[in-house]
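K.L.:
For the sequence shown, counting from 1, position 178 maps to 178 in full-length UniProt numbering; every step adds exactly one.
Among these hints, one or two may not hold up.
[Stated by the list, open to error] No more than 30 Å apart at the CA atoms, straight line, and that leaves these computed lysine-lysine pairs for BS3-like:
id: 1; residue 1: 136; residue 2: 158
id: 2; residue 1: 33; residue 2: 172
id: 3; residue 1: 172; residue 2: 152
id: 4; residue 1: 76; residue 2: 98
Please keep in mind that the hints were generated in silico from the structure rather than gathered at the bench. From a predicted model like this one, the values you see are computed outputs, not experimental measurements.
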Amino acid sequence: MIKELRGISMFFKRKKKIKGLTELEELIRSMCKKINISAPLPTFGVIEGSGRPAIFVDDEYHYIISERGKELSHTKTKDLDRLLYLVFIDISFTEACKYELLNRDENIDSRRIVFKKQEDILGMLKKDWRSILVEKHKEIILRSPFDDFATKRVDLYKSLKDNGMSDEDAWKNACKEYPKPGG
């Protein structure tokens with residue numbers, strides 16, 4: 001009986017305390033400073049309904065995204081690392097998209113720049129997060145391969161259409177000149 005009680009007390013000693021909203025906000029802000037990012041943060045304890053993530057805390061962390069009164073996602077976790085990963089996946093994506101817009105290369109699929117920049121940002125915070133994201137990006141690329149000719153293909157299609165070619169013929173010719181990935 002005493003051994004069992006010791007085991008239970010050890011479990012409770014190891015259990016990490018859930019941080020409050022103020023503590024979380026301070027932690028997230030300090031992590032943003034570490035990587036020199038000023039992206040919009042999630043709200044803390046308030047849902048805007050604008051698509052901006054919100055964090056709530058009770059006996060676990062809640063990461064909620066809602067828009068126009070509809071909850072799009074609601075992740076619950078007691079793991080602070082998991083919550084921070086969710087927060088910084090969104091923040092790093094926003095920053096990576098801004099970076100891509102400023103460094104756009106019409107000759108490549110924009111995701112090449114976005115994915116790389118997002119991976120770099122997460123890697124500055126935690127190597128494990130970067131590794132997880134790299135694997136997710138690989139899965140996305142398998143489902144939807146990079147298409148470096150997309151812009152050129154569409155531009156040619158529009159030009160051919162503007163010069164009187166039918167939709168179908170313009171698209172066939174554009175795809176012949178600038179093939180789509182996988183065929």
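K.L.:
If you check each hint against the structure, which ones fail?
P.N.:
Numbers 1 and 2, in rising order.
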